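Q: Respectively, the protein sequence lines represent chains A and B. First residue of the first sequence? That's 1250 in our numbering, and the numbers climb one at a time after it. First residue of the second sequence? That's 1250 in our numbering, and the numbers climb one at a time after it.
Keep in mind the hints are simulated off the structure, nothing from the lab. Bear in mind that the values here come from a model prediction, so they are computed numbers and not experimental data. Some hints here could point you the wrong way.
As the list claims (entries may be wrong) - Derived DSSO-like pairs: lysine-lysine, alpha-carbon spacing no greater than 27 Å straight-line:
1) A:Lys1434 / B:Lys1455
2) A:Lys1434 / B:Lys1277
3) A:Lys1409 / B:Lys1277
4) B:Lys1361 / A:Lys1436
5) A:Lys1438 / B:Lys1314
6) A:Lys1276 / B:Lys1436
7) A:Lys1359 / B:Lys1434
2 protein chains.
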Amino acid sequence: MNRNGILTVISGFSGAGKGTLIRELVKKPDYRLSISATTRLPREGEQNGREYFFLTKEEFEGMIKNNQLIEYAEYVGNYYGTPQEYVEEQLKMGYNVILEIEVQGAMKVKEKYPDALFLFVTPPSAAVLRERLVNRGTEDKETVQRRLSQAADEVDYMDKYDYLIVNDNLADCVEQMHRIISEQKNKIKYNQNFIHLIGKDLEGFKKGDR
Amino acid sequence: MNRNGILTVISGFSGAGKGTLIRELVKKPDYRLSISATTRLPREGEQNGREYFFLTKEEFEGMIKNNQLIEYAEYVGNYYGTPQEYVEEQLKMGYNVILEIEVQGAMKVKEKYPDALFLFVTPPSAAVLRERLVNRGTEDKETVQRRLSQAADEVDYMDKYDYLIVNDNLADCVEQMHRIISEQKNKIKYNQNFIHLIGKDLEGFKKGDR
C-alpha cells in the first residue's frame, strides 16, 4: 500500500537529549529531517540545505507573504521557519518527516496539521535535567538557570502532546520513537481508504452481488 | 513506576481471526483476558471461571441491578456480560486486560472507559474474509452470507476505534498489537503524575529554591 509518511513534531526540554535522539532516529530508512530556513549567517562548516536553508531577509519575507512556511519566528533579530514545500514533498513520497521545534512553534504546526504526531522528550526527572545541563560544562550558571526556568514554563505545553518520551537510554528511546511513529500507520484515521473499500465490497456481498 | 495496565477492547469481523490473535497475545506476560459472565449452560469441557463465569439468571440480574457489569446483552434467550470487578482488579495490578467484544458492546465499554484502547481486526480484504469463512467448512452458505452481511453492518463502527489491525500474518499481528498496547503507557494522558512532579520540581529550581 502506498501511503503518505507521518509528520512528527518533536519538542523537549533543553538538555533532554532530543538532538541526539533525532540524529539517530533519522538514520533509519524512511525518515527525513525537516530543514529550517533562517536569515542568520552560516557558521563555519554549515552548508546551505544541510543545517539550514540560508536566506536573505527579503527571500524569507517573501515566503511569509506567500504562505510557504508552516511556522516561523523571529529570534535575536533573525528569522527562523519551516518551509512547507520540502515537508509536503517528503510526506507524499512516504517518508516520515521529523520537525524538531520548540513548544510555541509546535503549537503553530498543530493548527495547520492537527493530525500530526507530537512527541515530548524529557529526562527522567528535573534533578537529572539540571545535572545534565551543569555537566555539559559549556554553560555558565546563569544560562543553566535560564534553561531550567524555560523548562518550567514549557511544562504547561506538555498536555498538548501525544506521547511522552523519557530519555533514560538512547538506544531504547530511539526504538520507542520509531515504533510509535511506525504504528501511526495503523491508526483508523490513516486508513479511511481501506475502510471505504472493504465497506463497499462487503455491501456488494450482502446484496448477493458477487 | 507502578502503573495501571491498559484496558484494550478488541473487535473485528467474524472470520478475521481475532480469536487466534487474542489467544496468542494473552500468552505474553502482563496480559489478562477478561472473562465474561453468561447464563447459558456450560458446554462439555468448559470450566467455570475459565471460558465463562456461569451464573443463574437471578445472579446475573443481581449484577445488572448492582451495576457490576461493564456491559451486557441478551442473545438467544441468554445473558452475556463483562463483570467489572475482575477487569478493575487486574488493571490495578498492572496487567493489560483484553476484552474481546462485538461492536455494540464495545461502544458501551467506550461510554464507561473513554480512555480505553480500541482495536479493530480485519482481514486484508472482503474477498479474503469470504474465502476464510467458506474454507472453514463448518458453516453452510446461509451462515456465511449472514456473517458477511453482519460484517458489512459493522463497517460503520470502525471509525470509533483507535487502530486497525490487518490480519495477514498471525505472528506479525500479535507483535503489532503488543507494541500498540505497550506504547499506550507513553501517552501523555497516562503520565499526568510524572508531568505534575517534574513541573513542581522545575518550578522549585526556577525560584532558586534548591
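Q: If a hint holds in the structure, say so; if it doesn't, say that too.
A: We went through each hint and held it up to the structure:
For the hint pairing A:Lys1434 with B:Lys1455, the CA-to-CA distance comes to about 40 Å; that exceeds 27 Å, so the pair is violated. Straight-line distance between C-alpha atoms of A:Lys1434 and B:Lys1277 comes to about 24 Å, which keeps the hinted pair within the 27 Å bound. Between A:Lys1409 and B:Lys1277 the alpha-carbon distance is near 32 Å, which puts this suggested pair outside the 27 Å criterion. Only pairs whose Cα atoms come within 27 Å are accepted, and B:Lys1361 paired with A:Lys1436 is accepted, the gap being roughly 22 Å.
Proximity of A:Lys1438 to B:Lys1314 is assessed by CA-CA distance (about 38 Å); at most 27 Å being required, the pair is judged violated. As the CA atoms of A:Lys1276 and B:Lys1436 are separated by approximately 25 Å, the hinted pair is consistent with the 27 Å bound. The suggested pairing of A:Lys1359 with B:Lys1434 holds, with an alpha-carbon distance near 22 Å, which does not exceed 27 Å.
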